[in-house]
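S.K.: Bring the two chains, given one by one in their own frames, into a single complex with the hints.
Note that the protein sequences, when read in sequence, are chains X and G. Just so it is clear: in the first sequence, position 259 is 258 by numbering that gives the first Met the number 0, and no numbers are missing. Just so it is clear: in the second sequence, position 167 is 166 by numbering that gives the first Met the number 0, and no numbers are missing.
There's no promise every hint is true.
Taking lysine to any residue and the SDA-like style, the derived pairs with C-alpha atoms no more than 25 Å apart in a straight line are [said to hold, decoys possible]:
#1 X:K242 / G:L714
#2 X:K1 / G:K688
#3 X:K8 / G:K688
#4 X:K8 / G:M727
Restraint ranges, calculated between C-beta atoms of paired labels, are given here [stated by the list, open to error]:
#5 G:R626 / X:H110: 48 to 58 Å
#6 G:R676 / X:F45: 14 to 24 Å
#7 G:V461 / X:M53: 27 to 37 Å
#8 G:T420 / X:K1: 53 to 63 Å
Stretches of chain X that chain G covers, calculated by requiring three or more beta carbons in the stretch to come under 8 Å of a beta carbon on chain G [stated by the list, open to error]:
#9 10-17
#10 54-68
#11 73-82
Rather than coming from a laboratory, the hints here were simulated on the basis of the structure. Cβ coordinates follow ideal geometry from the N, Cα and C atoms, glycine included.
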Amino acid sequence: MKGIIFDIKHYAIHDGPGIRQTVFMKGCPLGCWWCHNPESRAREPFSSQKTEKMDGRELQVTETIGKEYSVEELIQIIEKDQVFFEESGGGVTFSGGEPLLQFDFLLEVLHECKKRDIHTVVDTTGYVSQAKMERAAQYTDLFLYDLKHMDDALHRKYTGVGNELILDNLQLLDDLGKEIWVRYALIPGFNDQEENLLNMLAFLQKLKRQPKVSILPYHKIGSHKYHRFGLEYKMNGVEEPAKEYVDEVADLFSEAGYEVSVGG
Amino acid sequence: MNERIKKLRDQSQNAIPRISAERALLVTEFYKSDRAQQVSVPVRRALAFKYILEHKKICINEGELIVGERGPEPKAVPTYPDINLHSLQDLEILDTRPKVWFRVDEETKKAYEEIIIPFWTGKSNREKIFENLDQSWKDAYEAGVFTEFQEQRAPGHTVLGKKMFGKGFLDLKEDIAREIGQLDFFNDPKAYNKREELKAMDIAADAIILFAERYAEELEKRAQEEPDADRKIELIQMAKICRKVPAHAPETFHEALQHYWFIHVGVITEVNPWDSFNPGRLDQHLMPFYEKENQAGTLDEKQAKELLSSFWIKFNNHPAPPKIGVTAKESSTYTDFSLINLGGVKEDGSDAVNEMTFILLDVIEEMRLLQPSSMIQVSKKNPDRFIKRTAKIIKTGFGQPSVFNTDAIIQELLNQGKDLTDARNGGASGCVETGAFGTESYILTGYFNLTKIFEITLHNGVDPMTGKQVGLNTGNVKEFTAFEQVLEAFQKQVKHFADIKIKGNNIIDRIFAENLPVPFLSLLIDDCILKGKDYNNGGARYNTSYIQGVGLGSLTDILTSIKYNVFDERKINWNELFSAMEQNFDGYDELRNQLLNNTPKYGNDDDYADKQAVDIFEIFYAAVDGRPNTKGGHFRINMLPTTSHVYFGSVTGATPDGRLARRPLSEGISPFQGADRKGPSAVIKSAAKIDHLRTGGTLLNQKFTPSILEDEKGLDSLVQLVRAYFRMDGHHIQFNVVTADTLRKAQKHPEDYKDLIVRVAGYSDYFNDLGEDLQDEIIRRTENEVF
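The shape of chain G in the complex, shown without the other chains (with noise of 0.2 Å):
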């Protein structure tokens, strides 16, 4: 790392994170003109989003290289009263609350008071969307059964594809006006849509080229008043880039990487869509321009690294927008999800691995940051030295790169029904969605709650925390006199809570078509030009509303503890078990040692525990997988959980497979913590059980002990490991190379700690920043190994 970017990274990580009003008052004011009221839905909002880059601050920061920022500098977040209105009470909590805060200025405040909440009340996306809702999903809502994703930030769940990296917006402008000169208003009802859509992406196209050529102006600006030589030919030839991208298509590496810069943060300020936004195959696009350059001697290794470290630090000074409600619980973190892809095959199916992969991965052991995420993409095809040298990143023990499954991920893709080329040219995303990058809209749309629906089933419908009768009758399990009974009544409860989530969903989808198109962003994905259609409102070529599914390890447990100990072995019956729940096992040690110790689980290898979990997944899959969307598109399910494993254990009374009430549940696929004693390769065998190739991406967290990594022999062994998973057709595993020792240090002095990084679940977070909840729960999951 030479001066400039240990100067800028050091800048990037001691930015104070802060709420900025402009993006807020910009909007605020443009809703307000006379334009606003007399322009169709997607016209104003791209009219918004220009007047938002015409006028926000241009920041430029000492000694960078890629330049552009979402808020007056780095980490000052803008809001999106639009979206979410904060009340004066939200950004209260967000100054003064203990972990990942924001600070709010007085006169940030005195906006709100004074401009923008008054504007902006009754007229968020938000209040829309709880109008519309209808009590049972309320309910629910608030029983914990599920998230929803949508409630505060805007759909955005894509990744751009390759198209961008050969196109300029004036490209793009050619390509509107061609299928505006084509609209046949005689023969087609939608003729009058398409065009404002059309018109509306124009207007986008205009606005982020303008905003490049305000940082030009600033930047020639900057030029003429720079003592420093070296930096004034600099400046010059940064201002002479924002010239021309991304009007026009980039032509070098620094082109490139600006160009996809002022993309990115076109599309995290036009909204704050979920998972900001990603490049995607940066390997793949980036290997043309380097190879070109570094052929013609005018780009060398480390001048590559140079402008990738800067760019790495441009995705570190954007937080993700801060929430507000029940999803600050659920995923309370800075990071906003932007994951790199590397490796994979290219759009011929042959291996993709080049000399940029191995840049990047240079890159990123060095940054060492968190933001931007990174994974590896792994083929049969690609070579085992490109895993190897990824593990001797993993070994280091920042969470990071994680590890994909491409010929899965494919299969995946082809299973929803997509082209082969596109599902090529696909990938991962935020922690582990599959999407084709380019071409498709995957939104998630929340986390199911698996193990509180069998909660509410064991209860006959009422939720045990509050009394509440949220679910169906489906009888009581204490006359059941078979285990498949209690299956059936668990598979009425599952269904009876998709349809209350899908018709959630199908409403939310509408809003969002209706009254938040988002023009800017439908100018990146494939085919919303070509159909004159919004992003949010099936223009992609592909739409897909992903659900979670949460505590796979968990509920398999709980069944079988049920089936073993109650059925199969009679060692406990339904009386007894109940009460020891009631009493939270308080006084039922024996019968709690009894479940926890002496009952099969899931994680070991053990047909008779992961028979469950293959039931528990066919329930959840035949719930939801191919019911139609409001786009064109389907439902399908995935399983992971980001954080909320933690919120939903917190409703969650105590359970038959020994946790105690309101304790995380288990993560993704990965076991309970503490409840997979066989090792690695034992966990993946259980994991490798249910059909990954039926979802959208599913969730492995594995513990190592930096020891077992110590040597070749380790390092190889991981490789074969990734391997073997990926031979049975796992879609994703991660690793977190910490010791428990390690973590409780850090929990007690966390000054001492403050650049411990640790995987979270599908997504690497500061230790410090993370609850104290979760930081136990990681604790718990990391001592009980024994590798």
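So that you can see chain X by itself, here it is in the shape it has in the complex (with noise of 0.2 Å):
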């Protein structure tokens, strides 16, 4: 069984606790408008132009984006890293794209981690069946889980999805008793506004964990991608939020009692 996986991030210290490795796996459900991995979306490995600079010289290449790696490459991949988890109690993160559409393989991996006593983490939409989802918290320590509108309508807008199924899993980890730390991008003029958040909070509490909240303020850093691999860029104009409205977020979500990050 193959995976296919775009990038492998060392020293990666702001997906979960410690000094982690984070596997990003291809192919996403969802089509978010701010999206900062656009390359991630299509499951398949592709090919694309990019300029070598070499002391001022540059040259056309061809790099390939995504690449296939079988279980045991992976986790031989992932071991090197072990002195560091150990150190730091870090582990390994997946993230994508959506890692539980490569759910088979994705699955296998997470357990041979935990055969060998490794930290998992899953970064996820949420976005998926929920008997896939219980499976594999069953090998997954940590959920980072993105909440990206509470408004059904507003979701599917900027995502293409809706999220009935997305609070319904986060539902499902939560009676599971997993640990959760929820993800939210902060998107000035998408989902900042003070009833999205009201909704969100409203929507935390009822759970019988405390999930912490990391907050995660837009920037603008994946769009030349778009630009890059030929693809519509929609957030032409907005700006990345103001540091006090920042605060302010995460000051209501403190106030609530949620342990809350920003940037991780």
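M.R.: Put into structure tokens, the structure is as follows:
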């Protein structure tokens, strides 16, 4: 069995506890306007031109985005960072894309990690069947769980899918007693309205366990990728949120008793 | 920082580096005297030292609390014609060169022209050395295969142990008298040599006491004239201290600092030793004095910090004595490599971090000075908060302190056959060099250009830059059918050049032992008094000669490229590769892209590439380690470049890793600039694959953007990264925290970035003082990062 991976980041320190290795898996059922990894959407690898700069000289080369790995190959790479996991209480984080889209592959990798006592995190949109979510939860120590919008129609507009399944799965993971860090990408003009924030808070307050809340302020870092990969960029004119506003949002959640972090 | 310290710091920062002929003239006067002709060599050296200290100008700076200058004023640097004689042209160059200049006034030039040059021509140690080295040494040296530390500076490379914080020079004089009394002229054929050496040490002890008394006198005089009542009391107090130390052992915190400072000035006045000198484990030495006074209520933290700040400024007042010729290029800096050690373990192996450690870290952060340099020793026994406190200073981006692995250092020293107690009292000095403090002479003999040697191997013994045959005929590589043959040929060339280097050093060692003994330094390092033997002649308990391998990252990539592209994958053949290198890759963009971007590289935790690093390490180690030197010790290796990777790169053509001709090589054991693409954890994994414990120090430079250290998580992760590296026996790691953008701005507008200090390699320097090639190299190193 092979998985398709488009990047592996070492010394990732904002994708869960400790020093982590983050495996970016290809394919995503959502199409968020602000996605900063648009190359992750398509499940299959694709070729792209890029410019190599060598001391002022430029050379056009072809690069393939996405590479196949067997479970063994991936586990070998993950295990290389064991010493950092142990020193820092870190581990491996599967991100994407939506890692659960390559469900069979991910499940096996997660299982192999747990056999080796490696701490596992799945960074998910939550848009996957309940049955799959439940099985993945067996081998996942922590979920980084994206909450994009509480309004189903707007969710559908900005991401391409509704939020019902996503909210149900969050509830499910809570019922299963899993540790969850909710990740809220704060996108000015899209999901930063007070009403949305209050609805989100209300939803979180229904959960049995209090998740940590990470606020990820929108940044334009991904915009050049749309250009490079010839994708339509819908975020023109959207500015990064003011620090004061981010702090205000953070305060809203902390005052409600949540542990809040900004930027990771 | 209070007003006084701010003033002193400004005075030090604004002092103009200049050449002073004072020492040169005094030593010439003495050497011309009848007395100098009548005595043995050690006694002559001691009397010369005494003559200098008797006659040199006494300098007391306004408001200072610790006194003693090597020159007539701050940053007035003496010269050492007895060791290396500057020509008028050298002085001209120093005066006018755009970086790391030293002003030379007319009076100094006149003194050189009329007195110093006429007397010392034909007599300086450097001339003796070059007379005694053979042609093969000179050829290799000129080709840039290695450098030689001792050709114009004396072997120093040692650090004070704890002994002198409990002893005065009068105590040492008693020790000397006892040893002289016990000499056995009937049975010991060396008795006369021992007596002369001990007599010389005794004179050197008198000299430093006399020097302090001259300070006391001047302080008393100033006190009488001082209108300000507070300062008057201070001056009287300082005079009292100078009457007491260094003759007697210090009893207070202030006395301990002044005591050390006289010792420091003594060592760097006697000769121009490498790495100036260094109090070593300062938090350990000072803690008992601080504790006692703090409890008695005579010294609070604020007062201790003020004294320490004043002490720090004294280091900063003393730039490295300027060199001439190759060494100026290879290591051009005002820094004189005094490296303060903090933390580590005590003699009994327990955690040594104490209150003084944290006070000193505060001082380092607040002073933010180039000198002294600072480092922390991290043992598994030390608390995380110690590293984290340090990380907060590192984060401010001035490249200090660097971080060392105590447990590895101890193991390295034990592997070299040292006693456990001596090992625990050790640390690192200079850039990253392992040593037993107070008991060891561990001289660096020179940088060894592994990449150049491989270039010569590729050309069957010929240096392609000059067409000259400097190496062995080890065969035409184009005819080799297996990668192992390439390695084998390289191994023979390394052995060949190591032989030449070691022969040279065994000659140079003797020249120093016979002509330039250092009786004052010998007083300080055990067991010189006990053995009646000079520091430069094997008097220390341990005597190590280090050779510094340079270019591990570059050479690993070069060998990997050949293995991968020529042998294993057959993507490029030898002829193509040689043509491309001859053309400096001009017209070979595709091929160069293959070498740079599609070939495994060191620094990515890729075993395919890292295997070559291990092979290179083992070849170098086997050629050097364990071979005897002339002082009863052995040659060992370490892996550090200071700035020689720039010089060594400038003599090396284009290389099979895609590096352009004359560009800098990789530094220390760091990956080649931009070759590491998987972040700091992968770099650390690669770097840990060589066996650090069989070296006397390795240097790993790690770059970080400020943003990665912004929050608590960033700092905690840095602590864990360090712990992980040290768990894998890594020796040292240093962090450069600055953006390429900032550096580019600084290069364009140096006037706006006068205070920008960056980590170079094993030390920090003002970015403005670095040569443009080194600036470019650091920018490249920084901008390729993802982290």
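S.K.: Each hint should be assessed against the structure and marked as holding or not.
M.R.: Status of each hint after checking the structure:
| no. | hint | result |
| --- | --- | --- |
| 1 | X:K242 / G:L714 | holds, 22 Å |
| 2 | X:K1 / G:K688 | violated, 30 Å |
| 3 | X:K8 / G:K688 | holds, 21 Å |
| 4 | X:K8 / G:M727 | holds, 21 Å |
| 5 | G:R626 / X:H110: 48 to 58 Å | holds, 54 Å |
| 6 | G:R676 / X:F45: 14 to 24 Å | holds, 21 Å |
| 7 | G:V461 / X:M53: 27 to 37 Å | holds, 28 Å |
| 8 | G:T420 / X:K1: 53 to 63 Å | holds, 58 Å |
| 9 | 10-17 | holds (count 4) |
| 10 | 54-68 | holds (count 4) |
| 11 | 73-82 | holds (count 3) |
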